[in-house]
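A.B. asks: So the protein lines, in turn, are chains D and X.
The letter at position 13 of the first sequence is residue 13 when you use the working numbering, and the numbering goes up by one with no holes.
One rule links them: number in the working numbering = place in the second sequence (from 1) + 539.
Derived contacts from chain X toward chain D, CB cut-off under 10 Å, selection only:
#: 1; residue: L600
#: 2; residue: L619
#: 3; residue: I620
#: 4; residue: S624
#: 5; residue: L639
#: 6; residue: L645
#: 7; residue: R652
#: 8; residue: K653
#: 9; residue: T659
#: 10; residue: T673
#: 11; residue: S678
In case anyone wonders, no lab produced these hints; they're calculated from the structure.
Computed from a prediction, not measured in an experiment: that's the story for all the values here.
No residue lacks a Cβ here, since even glycine has one placed at the ideal position from N, Cα and C.
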Amino acid sequence: MKLSEAWQLSRIPYGEVVYRSIAEEKGRMWWGAFGRNHPGKEIQDELELTKRALRIAKFDKLVVAIFNIVVSAAPFASSFLGAPVLNLSSSISLSLAITFGFTMLYAIQTLSAFVNAEPSVLLSTLPIGRDDFSLITIFSFIRSIDYMVIGSILSQVILTAYLTSSPIATLIMLGASALNAVFAVAVALWFSKVFQDNLLRGGRSKINIVLRLIFILMWGLLLVGVGLMFSVPLYIVPNLETMLLSVGHISNMLLRLLYPFSAGTVIGATTYSNVPFTMILQAAVAMVTYTLLAVMASKWILGTIKRISKEGGVKITRVTAKDFSVKTHRPLLGYILKDLKVASRNPATAFFFVLPVIETIIIALLISNFETLRTSVVLVATFMGGIFALLLPLALLSAEGRGLEYTKTLPISSRRIILSKAMLSTATYVTVPLALVGLSLVKPAASFSAVLIPFLITIAIASASIIEIKLFLGTVVKGKINAIINDLEKLVVGIFTILIPECAYAASFLTTFDQSFSLLVMAGTVLVELVVGFYVLRR
Amino acid sequence: MQSGVSVATEPLIETFGLTKKFGSVRALTDLNLRVMPGEIYGLLGPNGAGKTTAIKTILGLLEPTSGWLKIAGFSPTKNLIEVKSKIGYVAENPIVYDSLSPRDFLEFVASIRKLNQAKTNATIAHLANAFDMTQYFDSPIATLSHGMKQKVALIASFIHQPPILLFDEALNGLDAKSSRIVKDLVSFQAQKGGAVLFSTHIMEVAEKICNRIGVIHQGKVIAEGTLEQLRGKTGGNDGTLEEVFLKLTHEEAEVADTSKMLREAFLENEIV
Numbered sequence: 001m002k003l004s005e006a007w008q009l010s011r012i013p014y015g016e017v018v019y020r021s022i023a024e025e026k027g028r029m030w031w032g033a034f035g036r037n038h039p040g041k042e043i044q045d046e047l048e049l050t051k052r053a054l055r056i057a058k059f060d061k062l063v064v065a066i067f068n069i070v071v072s073a074a075p076f077a078s079s080f081l082g083a084p085v086l087n088l089s090s091s092i093s094l095s096l097a098i099t100f101g102f103t104m105l106y107a108i109q110t111l112s113a114f115v116n117a118e119p120s121v122l123l124s125t126l127p128i129g130r131d132d133f134s135l136i137t138i139f140s141f142i143r144s145i146d147y148m149v150i151g152s153i154l155s156q157v158i159l160t161a162y163l164t165s166s167p168i169a170t171l172i173m174l175g176a177s178a179l180n181a182v183f184a185v186a187v188a189l190w191f192s193k194v195f196q197d198n199l200l201r202g203g204r205s206k207i208n209i210v211l212r213l214i215f216i217l218m219w220g221l222l223l224v225g226v227g228l229m230f231s232v233p234l235y236i237v238p239n240l241e242t243m244l245l246s247v248g249h250i251s252n253m254l255l256r257l258l259y260p261f262s263a264g265t266v267i268g269a270t271t272y273s274n275v276p277f278t279m280i281l282q283a284a285v286a287m288v289t290y291t292l293l294a295v296m297a298s299k300w301i302l303g304t305i306k307r308i309s310k311e312g313g314v315k316i317t318r319v320t321a322k323d324f325s326v327k328t329h330r331p332l333l334g335y336i337l338k339d340l341k342v343a344s345r346n347p348a349t350a351f352f353f354v355l356p357v358i359e360t361i362i363i364a365l366l367i368s369n370f371e372t373l374r375t376s377v378v379l380v381a382t383f384m385g386g387i388f389a390l391l392l393p394l395a396l397l398s399a400e401g402r403g404l405e406y407t408k409t410l411p412i413s414s415r416r417i418i419l420s421k422a423m424l425s426t427a428t429y430v431t432v433p434l435a436l437v438g439l440s441l442v443k444p445a446a447s448f449s450a451v452l453i454p455f456l457i458t459i460a461i462a463s464a465s466i467i468e469i470k471l472f473l474g475t476v477v478k479g480k481i482n483a484i485i486n487d488l489e490k491l492v493v494g495i496f497t498i499l500i501p502e503c504a505y506a507a508s509f510l511t512t513f514d515q516s517f518s519l520l521v522m523a524g525t526v527l528v529e530l531v532v533g534f535y536v537l538r539r
Numbered sequence: 540m541q542s543g544v545s546v547a548t549e550p551l552i553e554t555f556g557l558t559k560k561f562g563s564v565r566a567l568t569d570l571n572l573r574v575m576p577g578e579i580y581g582l583l584g585p586n587g588a589g590k591t592t593a594i595k596t597i598l599g600l601l602e603p604t605s606g607w608l609k610i611a612g613f614s615p616t617k618n619l620i621e622v623k624s625k626i627g628y629v630a631e632n633p634i635v636y637d638s639l640s641p642r643d644f645l646e647f648v649a650s651i652r653k654l655n656q657a658k659t660n661a662t663i664a665h666l667a668n669a670f671d672m673t674q675y676f677d678s679p680i681a682t683l684s685h686g687m688k689q690k691v692a693l694i695a696s697f698i699h700q701p702p703i704l705l706f707d708e709a710l711n712g713l714d715a716k717s718s719r720i721v722k723d724l725v726s727f728q729a730q731k732g733g734a735v736l737f738s739t740h741i742m743e744v745a746e747k748i749c750n751r752i753g754v755i756h757q758g759k760v761i762a763e764g765t766l767e768q769l770r771g772k773t774g775g776n777d778g779t780l781e782e783v784f785l786k787l788t789h790e791e792a793e794v795a796d797t798s799k800m801l802r803e804a805f806l807e808n809e810i811v
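All chains, please: the whole structure from these sequences, using the hints.
C.D. replies: Shown next as structure tokens:
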């Protein structure tokens, strides 16, 4: 089979992967059809959705590729703003680290649908040779990540060429970017496969549950890491540069040996004239080792994809049930437990359960710069943590997926569903006030408001979640893009619900300089919002 | 055909002039149905005739464009929760939460339906044993075969022992043993005074388990009655349900022509 022919045919399994991931979103897109207001819309939308699947995927890939280009170029900003040559090694290292993280995150989202092999079933029934079939599967895999990988490689190579004017440096950068992509895809594939295997194996093993939690935590922490690296390149880059170019310390040598800092050091060395030979040698040896590792990783990727297409990828273990008993709960708790199980078993939504960790990290990072627990910092920190908490209700709606079809047949009101999702998102935020109480033992609070404000914000988050979901259920949207815009609108309403009590506190404090009074004003605002939330819920 | 124990006079399912349009497409036209307690009503029709739309409208998942309906005395447009609590539903394609195991799923359904734990466990144990679920009860539903998923959906439809069962091609993908069990369960449902609306395009199923059959074609019930009554409407006293059906839908001549055309096309070619 010709390569071009295989590339054309790979559209079929790729389209199936895309359709599946979009079908997962159906729950979110069609939540508006839950009530009696718009029943039946989904049947009309089905055809439209199918038609748009590939177009939407292309748009998605393009947006993600553009974002990847921006994040890969961000660390080079310090080179433009400061001394261009001095920051090169660390800019390259950071750029590679960020694109590694981001490519991996995106690939995990797509590959979860890919690793279950079903998309290839369509082609497997046709008289196509084994090798050709594997080639088609590999191409369909490449299609899901092509734009973003090519985009990041091009941006890194062009920026290096521009900053160094060295063909050798540019060539090494090309190699390093390619290695980076291979590593990112290999880790994503491994992660998706392990996650999927762990889920599909079934059973009620506690080890499986613990493993799943570890994977979720890894993913969440990775996102925080990427976020931090992206937001503070100017702060990290100069410190990193000093470390990379210091000869003496053993820790610096270890850093140079570590990917992607070895790549940064080698490329930097082609431009700097005063880099010691031993340093270049160490980094070069490390790079050669990483190249060999990338070759092995590529072989593993190809082998795994071939196995997925031939064997179905996952070995399922059937566990004999000892009994057929179930534990019934009150409907609200039953729904919460179902949401927890469904969302934690979907790689795309599982990560939201590490929100408490993320929120606490953000607050700890912000507060660590100050000697006392200032009220102003607490206001900013709780607000930022609150934004993360408001993502959860929408994620829980997405996680319903096609199962929503069944839920619609059960005697449960949308009011109870809203309450369950609002309670879950509020529960994830409770860690923030608790963490702040803990922090106040280490760092003295400037005033009692600093400790009480987060508790009031928790109530505001409950109201925001109720209003956000209620607004969401009242809308029927067609297509993913409209769904995203719709999400953003609701998110903005939620953000304002948190912002209003904070503004009320700030405004009354600036006019009266009375913390107790300001706190009372804030508490009053929060209670009014809660009443509004419950009113909206009852309507 | 089964003989139901129909004693009550109030129908458990009643629709009048039910019409459902999707844009310019008319999926149901003036549907009038009455399913009495103890009755197994077969909704028989070809693919795309409107069987699924009819069932979804009765369940309250779709709002009728015009007409009205009552389920056990309740209107789905006014008392949706009450209506849903009185119905056990199995969809044509078993749609359940794929990431949950059957145990997790049934636990969720039983909790939402506010069922008594001990009673529910006894019902689940009987049904799970009958459907040979031992090896599959703790596996993610995503890993189960179509038939197994259908069994999970069937158990979920029976756990609250509802007065009304709405089965949309519920035997799809089931093996012979499981099909037999479902037929028995449907029969028991009728014997204890419940109502079953059973949509199918398989004639044998309708012929064997239904008390009364409604032939639905292009969104309209074109004939209704027992098999004998339907035979009478086609002007004969014998013939299988398939023959009666083709006569009622005026497809007899068309099927004969198609069969002739295919015979000519396929018999000319030798098997390679």
